[in-house]
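S.K.: Same order as they appear, the protein sequences are chains A and B.
Start counting the first sequence at 1; every next residue gets the next number (the numbering used here).
Start counting the second sequence at 1001; every next residue gets the next number (the numbering used here).
Hints are supplied without guarantee of correctness; some may be wrong.
Here are the simulated DSS-like cross-link-like pairs (lysine-lysine), alpha carbons at most 27 Å apart as the crow flies [to be verified]: (1) K161/A <-> K372/A; (2) K557/A <-> K1054/B; (3) K552/A <-> K1054/B; (4) K1034/B <-> K424/A; (5) K382/A <-> K161/A; (6) K382/A <-> K111/A; (7) K557/A <-> K30/A; (8) K1290/B <-> K1034/B; (9) K1290/B <-> K424/A; (10) K557/A <-> K1058/B; (11) K1041/B <-> K1054/B; (12) K161/A <-> K105/A; (13) K30/A <-> K111/A; (14) K1058/B <-> K552/A.
From the structure, some residues in chain A lie toward chain B, with a derived Cβ separation under 10 Å [stated by the list, open to error]: (15) L392; (16) A436; (17) K573.
Hints in this document: simulated from the structure, not taken from any laboratory.
We treat Cβ as the ideally placed atom computed from N, Cα and C, and that holds for glycine.
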Amino acid sequence: MAEKTLLEYSFLIFVIGAIISLLFGFKFKKASIYASAMFSILASSLSLYASAHSLINRANFNFSYNLGFPIGNFEILIDPLSSFFILLISLLSIPVSIYSIGYLKGEYLEKNIGLITFLYQLFILSMILVVSSSNGFQFLILWESMTLISFGFVIFEYKNKENQDAGFIYLLMTHIGAIFLLFTFLILAKFTGSFSFSSYFGIGNSIPLWLKNLLFIFIIIGFGTKAGIIPLHIWLPKAHPAAPSHISALMSGVMIKTGIYGIIRFTYDILYPFPHWWGLALGFIAIGTATLGIIFAISESDIKSNLAYSSIENIGVILLSLAASILFTSYNYIDFAALSLVASLLHTLNHSLFKGLLFLSSGAVISKTHTKNMEKLGGLIKLMPLTGFFFLIGALSISAFPPFNGFISEWLTFQSLLSLFQLKSDTIKLMAPIAAALLGFTGAVCAANFVKVFSGVFLGMPKSHQVSHIKEAPLSMTLGMGLLATACLSIGIFPGYVCNLLKNVTVYIFGYNIHSLVSLSKTGNSNLASNIPIVLFILLILLIFVILASIKIFGSKMPIRSDETWSCGISPKPEYGHTPKAYTQPLNVIFAELHVPESFYHKFIFLPIVNLLITLSHKIKPIQSGNIQLYLFYIFLALIISLIGVRL
Amino acid sequence: MNCTTLQSIFLTLFQLVLLILLCPLINTFIKKIKANFQGRKGPPILQGYYDLVKYFHKETVISNNTSWIFLFTPVILLATTILAALLTPAFSSHCSINLIGGVILFVYLLGLGRFFMACAATEPHSGFCSMGASREMMMSVLIEPVLLLSLFIFVFMTGSNNLYDIISNISNHGLKIYTPYYLLAVLALLIASIAEMGRVPFDNPETHYELTMIHEGMLLEYSGKYLGIMFLSGYLKQLILISLVANLLFPWHVTFSFAFTDIFSSIGIYLLKIILISLLIATIETIIAKVRLFRVRDILIASFVMSVIALVLCIQKGSHLGL
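With these hints in hand, go ahead and build the complete structure from the sequences.
M.R.: Right, dumping it as structure tokens:
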């Protein structure tokens, strides 16, 4: 099993790399950065190759190690679903690792570099292990370590009060999610007598319906917290901006997708078949998450919080097609369920690419200008032309404009929502097109938002003097961004290859090979997905050339003169243009009713939980007296109780 | 590549060229009708062409705050509008270039042009342009869901998301097509299209005053041939939307054949249809005043509700064409 060996090597390289770069970090900081990048690129390439290979071959195998832990063997499962997510993680890790060389050298050289590089590799490893783990207990441990490692990044600048708060909220919210997951596993273990996933698979028919519904709710809350569905999202816009930018890219790009992985794995593999209401409920959550997420995003002036909120929106879009898929499955329209699942997975992949790109390029801006506040930036496209160009590509992709990858997945999402119209339920027939129209709405707000971010950061005049003297980001950073930008464009032009890969996941899940996905979407031609986006791209390029040529030929031959902007007779100043805040004012006015302030979620979700915990711990405090006799008594009591328990 | 493919590509190109040639004329025509309503004489009917020729021969002056985006925007704007024009049937429903995405691609192509236009408008760093950009994006947020939802109703009716298929499918049904929900959906589409064109009551294409302008505000710093291209794409977008509404409101005689007589007669009827719609638009502009910026939301939400009602009726009745 070549894939198995490759994956094992990749795990090993991550661990070795982590240790080596930690050791280098004490003395040779630059060496530590290079070592970390080298090892993680090598390890990610190995896991990328292995996962792509096993996805193409639809490999399905598991292996386990006896690590001597009392919880049993360390079990790894590689099937098309987990291969896809490993592919996702490794694919983003490579450019991020390249980028990290320049980024860390520029920003973090005098800080504890060993810790960053150590945690960085363990973070990637923990994500890969989460999506390939096949034992409930082990899954929870890995899930927690993924959370804790990223928590380390969130509070890396621990002296900053905001980051401490962000870290606390992050830890608390993800643990609430983890509690629900713990319950899920305990219930499942009660049913099957084992923590191993292999015993869970396909038990959906033997669980009573009420318990299944309960499990579904637990799964949505548990994994949804990580994915950032509204109203459980409050940690996300705080934690992502606090981390270093290359980590934000990984957190937003892939870490929150482990939540999506969990939802897919647990609904399809374990809880199938579904009642009808699951898909509807998930659809409502999804469309709420998408619309509110982007509305919150647009009023943010902090570039990284803005991107974090837009991740929430994209999670909504991913869940929307997933909800459609669950609905189709519950009505037994397997081919359309597969189409929707492909839409969902493709958007997962695309989002990780363009959100990674956006975080990386905004990280480049932040590391050069030392501000996250868009109100102070501006005019950077002249100083950082490449970063600006890559950011533009990311912005176009995320706003789902053709010919970039976001358009393909959003179009498939539209397609799956519109196909819902054939289900025999009037509620769905009504809700599905409205959901699709709302998806269009989020797309438009997203475009408005990225006009704001792109023009606020890169266009116009610099709004503060700290911006005027900066230089383009170093080669490693632009290379990292460039790779992602290329990926965004190539998936947009050649989606067929990726769709065929994703089809393998649906073949695994539904056990059914759809002949052609796009023939389902009623545009006639059967192999449309593979060739028509190229036609669109070629036409676009052709038209651009024709127009440029006709400007040259028919237009006036006078040279273009450049002069001051007309500002009613006085010389222009940076203050005369609109700031990003002013730009969004009309939008904020029309959304005034929808714009629930963040404090709402704090007041009604976060604070009650915090208060409950504090009251509980105060209640428990009296038993901790510090008296050794009392503790001995506790031990004695525990012994008695457990003896009784064994006896009974 | 056989004979019919060539023929159909030629037909599509002919349709495109016709749209591009016709669009300045239609814009002037609406102006002229409006002027007649108001008791003025109005510009000569060829004024649109004179203007474009004039802009093409003027010197271009740009702001020194701008980057490549500013000069690239007119190009990409015209390119995306032409692509959208390729997706829209005018007189022939024969579709030669079956692009992925159908109505969704149509809406997103217009969105792509708008994205660049708004970005470019913030480049000169002038308050007026940025204000135009900010308002335009606000409008687009409201327009896009209405545009999509009303188009989805036709998608459900015909079971296709290609505009050519939709039109040719609908045009086979004669007067039977005028059901209440169909008319509601067309009305919602008309309102959204008027907003998308940037016309009264949403925006006034003829002013340059900072309090009223939206679309024109964004063009303020453009000059010369680039301004000409911006205008041309605006005209073209307007004509595409007019022909879309015209073909849906009067779904007759959109020919599918290559025969010359058929093509000529449908061109004639097409011209009649767009003249009717232009008259309608001119009438609306004359009798209705431009609304306050934030009232735009209410009108567009009303038209969203209209499409929802149309959808409910469509579901209740069971769509009677296909699907």
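S.K.: Check each numbered hint from earlier against the structure, then list the numbers of those it violates in ascending order.
M.R.: 4, 5, 6, 7, 9
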